[in-house]
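All chains, full assembly: derive it from the sequences and hints.
2 protein chains.
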Amino acid sequence: MSRRSFSEVPGGGALTQDRWARLAWSHVVEPETVSARQWISEHGASEALERLLRGDLATDGRYDQRIASLDVTQARRALERLHVRIVVPDDDEWPGGLDQLDDPPICLYVKGSADLGVLDGSIAVVGSRAATAYGLHVAADLGEGLVGRGVTVVSGAAFGIDAAAHRGALAGGGPTVAVLARGLDRAYPQAHEGLLRAVQEQGAVVSELPLGWAPYRQRFIARNRIIAAMGVGTVVVEAGLRSGSLNTARVARGLNRHVAAVPGPVTSVQSAGCHQLLRETDATLVTDTAEVLDLMGRLGVDAVGRVRAPETADSGLDPVARTVWSAVPVRDGADLGRMQLLTALDSATLLGVLGQLAVQGLVQRDGDRWRKVPTVKTRRAGG
Amino acid sequence: MSRRSFSEVPGGGALTQDRWARLAWSHVVEPETVSARQWISEHGASEALERLLRGDLATDGRYDQRIASLDVTQARRALERLHVRIVVPDDDEWPGGLDQLDDPPICLYVKGSADLGVLDGSIAVVGSRAATAYGLHVAADLGEGLVGRGVTVVSGAAFGIDAAAHRGALAGGGPTVAVLARGLDRAYPQAHEGLLRAVQEQGAVVSELPLGWAPYRQRFIARNRIIAAMGVGTVVVEAGLRSGSLNTARVARGLNRHVAAVPGPVTSVQSAGCHQLLRETDATLVTDTAEVLDLMGRLGVDAVGRVRAPETADSGLDPVARTVWSAVPVRDGADLGRMQLLTALDSATLLGVLGQLAVQGLVQRDGDRWRKVPTVKTRRAGG
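Chain order of the listed sequences is A and B.
Per this note's numbering, the first sequence starts with residue 1, numbered consecutively.
Per this note's numbering, the second sequence starts with residue 1, numbered consecutively.
Heads up, some of the hints might be wrong.
Unchecked claim - Restraint-style ranges between C-beta atoms, simulated for each label pair:
| id | chain 1 | residue 1 | chain 2 | residue 2 | range |
| --- | --- | --- | --- | --- | --- |
| 1 | B | D120 | A | R149 | 49 to 55 angstroms |
| 2 | B | E8 | A | Q360 | 38 to 44 angstroms |
| 3 | A | D120 | B | V269 | 31 to 37 angstroms |
| 4 | A | G361 | B | V269 | 26 to 32 angstroms |
Stated by the list, open to error - Rough simulated footprint, nothing fancy, chain B against chain A, three-plus residues with beta-carbon under 8 angstroms:
| id | segment |
| --- | --- |
| 5 | 263 to 269 |
| 6 | 332 to 344 |
Keep in mind the hints are simulated off the structure, nothing from the lab.
Values in this document were obtained by computation on a predicted structure and should not be read as measured data.
Heads up, the beta-carbon is just placed ideally off N, CA and C, and yes, glycines get one too.
What follows is the structure, encoded as structure tokens:
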């Protein structure tokens, strides 16, 4: 026997307000229930909820149980007690990126010092639970590097890559945001209670699920869409072929967010998912923070130059000078006739170039023989 | 005081023939001397050479020294003594891919059992000298995997990736072709004398440079264009940012050949060049033989499905045992001396490991030769 009106719900007087109507909706429907989102966007959360209670929506009674146990008073008290706030689309701190989802969260439960405005321009760093030492190292580096450039790091607080990304971000001074697949009354995973406390202090922990709700497989998958939608892009650091982070990357791609993947040894199964992303989608290969920002960063501010190899002795030489320089023996030297044989240059050109090289300190003349100046660090030919 | 006609060159009577005229040209000009190629293609090698001797070509006298020291008789004797043959564009075994170069070799010096026809559909596997254990492992795997699928492996016989690719190919029963940046009278590098002998036996060693010519930087760079042009594509396994193998990849791309790169840890400078290729060019990321063949192989024959979790004969082996196992030829077997060449292990270790592998039913001994047990399915599904 379901409630038929707001007055039958404990604390139901608040349900005329969008915020508390959304709280109620979040207790009633699962994430990714597209029809509920449609009703809410059509009628507004409060009026849609009234219609739901009246039985005017085609639900086949599937929500009756949850409607019967709705208790707004108790829910609001629990929020206060646990210092969790509700953030709704009308709030300034609502992450606008979520609205591009077909099935945006109805509201967000948020715990932490940071306003969700920190999510503007944020980047998700995700990956496998069963990460390798290599992956953990890279994720922590990226986490720290990104916050060092003023970018909030979003992840899922799971074991492995997620935790390493959060830890790196915390080491860099934050902010970082963790999106959980359970209610915020409990740490998940339990072992990350301390980590999540630190994330709250330097950022925020977020969920679309009411307090008390447990994590199931579908809720993890639903959670990934929030991670993918919150920021400007997603970086997958390590992922096995079945990793949930590939799902996050897929959603990000569907939302026209940037997707990047870090390569790893081809002998590592934990990089196989990244390599698959790089081979089979338009994901971009990234090797460090600068390359992530080059792809996803604020235009003009973060764009970086090409990776450059270090200068070598012959870097500045024109092709002819380089030919001559590379032909000059290091040890025994060669006379002009031999240098001509080696280079096939006419003697005037050859002498001119050798003179230039001598002035630049690259070759020296001993009697009638030319040799490379031994103190110059020469690069291995062709190396 | 240069020679003015064929009759003034020792053995010059042969210079009316294209083959020996090309031999002479190769003694006169450096690789990548475009003007010489133009003269030859305009007049034919023999007539162009006559004009060169007569002074009718605009050379500024730069070849006078080399013309003065031309000795066809001596050159032909040296070829016979060293069992080196000259291959010219009119020969059936001339690798047609070379003709797509702006500056194809004038002729090729070839030593080895294989007809260069083995280069049809061949694939170059190249990379850094200063390779890591990871890179060496991957290169050897690719070398063996490719020859196992009937593809000739081309490389440059240098330390590091090149040698590992050749060794893998030899372990798989060949064929493999090494392209050197010096004359074939000497092994280069010297330490690879044994390796090059094995390559000759199961393939060929090739150079465009006359016997006696030494390797310089420019000649290495020129050599790379031959590696790039000979086959259908180039795989870079490991490359620092200055690796010559990136130059090979660039030439291959310019020739519309396939270019692939193997990713590695982003923390390894030896993979930085591969990652740059993958980020900044249309090079394809590959992780194993199947993916290389998927990209470059014969359509329909080699196309493979998606990556699957592997189950291989060598899954349970430690690294040393795996090295030995992968070095044991499938067909003809190898005696202990040869196995030592392929594995670079001392004979006691080698014998111990071979004994273990025999107990596990992975290899068998016939007389003094070891071979893989043929009933074992050795290659990964789809690989």
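Tested hints:
no.	hint	verdict
1	B/D120 - A/R149: 49 to 55 angstroms	holds, 51 angstroms
2	B/E8 - A/Q360: 38 to 44 angstroms	holds, 41 angstroms
3	A/D120 - B/V269: 31 to 37 angstroms	holds, 35 angstroms
4	A/G361 - B/V269: 26 to 32 angstroms	holds, 28 angstroms
5	263 to 269	holds (count 6)
6	332 to 344	holds (count 6)
Violated hints for the displayed structure: none, as all numbered hints are satisfied.
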